[in-house]
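K.L.:
Model the placement of chain H on the given structure of chain L, informed by the hints.
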Amino acid sequence: MRRLPRTPAGIAGIVLVTLMVILAIIGPPIWGAGAERIDSTVILQGASAAHPLGTDNLGRDILARVLVAGRLSLTLALLATLIGAAAGVVLGALPSVLPRRAARLVTGTVNALVAFPGLLLAMFTAVVTGLGARGAVLGIGVAIAPGFARLTQTLAASVAGADYVSAARMLGVSRRRIMTSHVLPNIAEPLILNLTQALGGALLGLAGMSFLGLGVQPPSFDWGRLLFDGLGRIYVTPAVALGPAVAVAFAGIGFNLLGDALAHAASRPAVTAGKDVPRAVPGSVEPGLDEPEPDAVLEVRDLTVTFPGGVTPVRGLSLSIAPGEIVGLVGESGSGKSLTALAIGGLVPHPGRVNAGRLRLCGTDLGELPEQERRRLLGTSLAMVFQDPMSSLNPALKVGGQLAEVATVHQGASRTEARTRAVDRLEHVHIPEPDRRARQHPHELSGGMRQRAVIAMGLMGTPRLIIADEPTTALDVTVQRQILRLLREVTDETGAATLFISHDIAVVGELCHRVVVMYAGRVVEELPVGELASGAAHPYTRALIASLPDMDTDRSLPLASIPGRQPSPAEVGGGCAFADRCELATDRCAERPPLIPYGKAHLVACWEAS
Amino acid sequence: MIIKNLTVRFGTFTAVDDVTLEIPAGAIVGLVGESGSGKSTLARAVTGLVPYTGGIVGGDPRRIQMVFQDPYASLDPRMTVGTSVAEGLQGLRLPRAARQAEVERLLSLVSLPASLAGRYPRELSGGQRQRVAIARALGARPELLVADEITSALDVSVQGAVLNLVRSLREELGLSMLFISHNLAVVRYVSDVVAVMHQGRLVEIGPTEEVVGSPTDDYTRSLLEAIPRLGRT
Chain L
1 MRRLPRTPAG IAGIVLVTLM VILAIIGPPI WGAGAERIDS TVILQGASAA
51 HPLGTDNLGR DILARVLVAG RLSLTLALLA TLIGAAAGVV LGALPSVLPR
101 RAARLVTGTV NALVAFPGLL LAMFTAVVTG LGARGAVLGI GVAIAPGFAR
151 LTQTLAASVA GADYVSAARM LGVSRRRIMT SHVLPNIAEP LILNLTQALG
201 GALLGLAGMS FLGLGVQPPS FDWGRLLFDG LGRIYVTPAV ALGPAVAVAF
251 AGIGFNLLGD ALAHAASRPA VTAGKDVPRA VPGSVEPGLD EPEPDAVLEV
301 RDLTVTFPGG VTPVRGLSLS IAPGEIVGLV GESGSGKSLT ALAIGGLVPH
351 PGRVNAGRLR LCGTDLGELP EQERRRLLGT SLAMVFQDPM SSLNPALKVG
401 GQLAEVATVH QGASRTEART RAVDRLEHVH IPEPDRRARQ HPHELSGGMR
451 QRAVIAMGLM GTPRLIIADE PTTALDVTVQ RQILRLLREV TDETGAATLF
501 ISHDIAVVGE LCHRVVVMYA GRVVEELPVG ELASGAAHPY TRALIASLPD
551 MDTDRSLPLA SIPGRQPSPA EVGGGCAFAD RCELATDRCA ERPPLIPYGK
601 AHLVACWEAS
Chain H
1 MIIKNLTVRF GTFTAVDDVT LEIPAGAIVG LVGESGSGKS TLARAVTGLV
51 PYTGGIVGGD PRRIQMVFQD PYASLDPRMT VGTSVAEGLQ GLRLPRAARQ
101 AEVERLLSLV SLPASLAGRY PRELSGGQRQ RVAIARALGA RPELLVADEI
151 TSALDVSVQG AVLNLVRSLR EELGLSMLFI SHNLAVVRYV SDVVAVMHQG
201 RLVEIGPTEE VVGSPTDDYT RSLLEAIPRL GRT
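Protein chains in written order, with our numbering: chain L, 1 to 610; chain H, 1 to 233.
The following block holds chain H by itself, in its conformation from the complex:
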């Protein structure tokens, strides 16, 4: 799937400026940038939540799903986990029993017990909620999954498990993914390709080891330089 010459304007402000980005099948493309760089707007454009110019080539734009940053806001508080996950299955028109089986399968994909289906989001921890949101998106059989800062609202001890899940989903389902984060270390860990966004434009893109190991752009360098590291003085 290729995002081609995508531009988003809000009035006179250009939030995303002529971005072209290829997401190879079965690969995780990491998109890193600071707040205001336009990375979340790009995510919302790709998923059709904000109007844009340009195009998405080589895939069905309707089969792009997104997982949101805040797992406390992305699940309807008045809906059980099972109902929320089943929302993704609407297009399939499954009979009741098959739908329930599919919900259970999706929950097990994200390593959640089927018994959670009857619970409400408030009874779940942040990490569990984020898994439910992933299961819901997977139900729609997406060709591309956009993950917008999915670990930044989570505690460190839970973040690792969610990142592991992202990687295992790629391996098991061959899922293509646009993984957005402000944290370069997190992006580096999960992505095959890294794209760096700054003020609405892509300033650097390349295989992860190259971008992290020998960045060519000044902005990428300053970003790498700023990452806090244990024991550095």
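Next up, chain L with everything else stripped away, as it sits in the complex:
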């Protein structure tokens, strides 16, 4: 179980439930005698110093009775919940195990029961099974069961589609065993959470049953019974009824708050891009660091992205891109390539921190700009294309309208102007029938078409920098080829600088002019694309190329592969991060090699490169 969130509601829930449990344990031994003591001299009294909540028709102290009744109320609620949950889980699980016809019958029954009002079901059961605590507990249990059954069914259905269940089915594992060893363990957590909330409901339900006279019968008493006894006198001596009412309310609220808090803790906290969006803060520029490159569209020096807990996915990255140039950023998952892109666009999610010695876009230092101007600069001169085009398109809006919005917001164009431009841009990225497509929603477009629309959106302004993060990974190879061609066309035509991020070194090799290879947050090699196939100097780059089968790979030889795995962003040490997996590693690699020139327009960070 993950840690409970420290919200006021969560804390209140924990405190209330703890108090109730303590009360249930210590209540009867301490106040039990007082609750039973009959005193004919103080019959039916209101609140007084001796009896803060008054007395009943036999002169018994109501406060003591409320405190003692806690144990029975909670025990009965617990019993009812357990009965309901057990019956519900079994009912919910049955359809997955039974033959089809019987399964349908069970599902139908559960559906009918869910539609039936719970309290009515409880009262019906209680009347049939006989008045008293047993009937009430059974009744509430029966009322709770359909909800649990439905929840179990829904959760089980979501797990039943998982690959590991398919695998088990293929292996001939029986349906019963799949249920008990795969499905139930994986849905236990939400079921247990629901149990806590159901407990609160059962408590209220039981109090209600006792209050209606269907529950606990004298001489036993729970909170509902006390409420029933006191209600007749509520206008004369309100304290008599209020005491048990308050107890019921607090217990009910406590269990519900606790259940909510547990559910909240179990669901992963969503990353919210709140007000506190991390932005680049100017770091100290190392003395001797080269002067700003006036021609570069994008110039990044010493970019570092850190997350709390010593997690540093990007470590001192430097990069510059000239107009009309396409630079490929290659690396495996976890190498920090996507966070580099997000850091340049000012999109690193909270609580990440971005530090940069220099982060210049079109000659303007982004770190020094006031927030509003920075956003305007990024909004007009940066175009971003992500792997999933749907993340950049609003599924509820028409494609044309979304494109036009860029022109109306950033360029102050009128609606008709913006719309004309949107259709023109769609045509520009080779979308057939752009006028009709502009009136369609994103889901009506194919994957490749959507990616074109996103590129067209970037072309609504005059982009100086295009960042494309794995834009073709989700696409088919034939479509991928078209998108790559389009990106090159757009770069040539706008003279923008393009940063193309990919895990696929072959794609990068085909599209880019220059390739930057990242490993564990650092650039390990930077080289012109022509040298990629045979001139790479870093052992990692060479291994990456060798491990990639292409159409000319010798099929009689085993493929190269790199042993071990890339260190995670939290565990990168001081030396060369690749040393553990490197054949050439020596003692010297305990010290991190600097990124130094290696031939013309070629940089490499390796002691052994030669």
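Just so you know, the hints here were simulated from the structure itself, not pulled from any lab data. Glycine included, every Cβ here is placed at the ideal spot set by N, Cα and C.
For each label pair, taking beta carbons as the anchor points, the in silico distance ranges come out as: (1) H:Gly118 - L:Glu189: 20 to 28 Å; (2) H:Glu123 - L:Pro219: 52 to 60 Å; (3) H:Ala27 - L:Ser534: 32 to 40 Å; (4) L:Gly310 - H:Gly26: 46 to 54 Å; (5) L:Arg436 - H:Thr20: 38 to 46 Å; (6) L:Pro185 - H:Arg62: 21 to 29 Å.
P.N.:
What follows is chain H alone, placed relative to chain L:
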């Protein structure tokens, strides 16, 4: 084993249209196609996960196992590696000690240390998980192993090792295999025979070198043409 006139329909949509494909014993047949071509549906039909018409001739359909694309979804997160692998051994009814020995043997077949048996999937890398999934499928002594995009969720540096494993399993165990991928270069590297699927139909099938070297179908040609190559401009 021959997949004969296999057709899968979802309502009025025909996902797999009358596919006949022979998988010779001990051979790896590569099936290549783009998303929506029906190759994964074919895999799920062959392994009995979706209903189909047509038949599987020359083998026991119950002895077909599959390795899935996503190694993060194909292992039960609440089961240890050893328990997962042992699931494939249910039919054998082995005593406890023999079962444990068999799990260790299977893990060593896929080059994993026996010590991994007590670990949970979350402690393993993607490549290791994919090996566990292969070991689990091998435990059931399959006559045919279907590998559905088993390297596409892996990093390039790990992909090579898994492909090598696939080839060595074929050599050591004489395993017949249907190897499905969208990546023609990967299919070319591991397969003896290549089948190309497009819109639910097989459009071309033949020995790997022939299909790759001199394709006869237009669609195969466009697929070959589109493959990114290092240093091509």
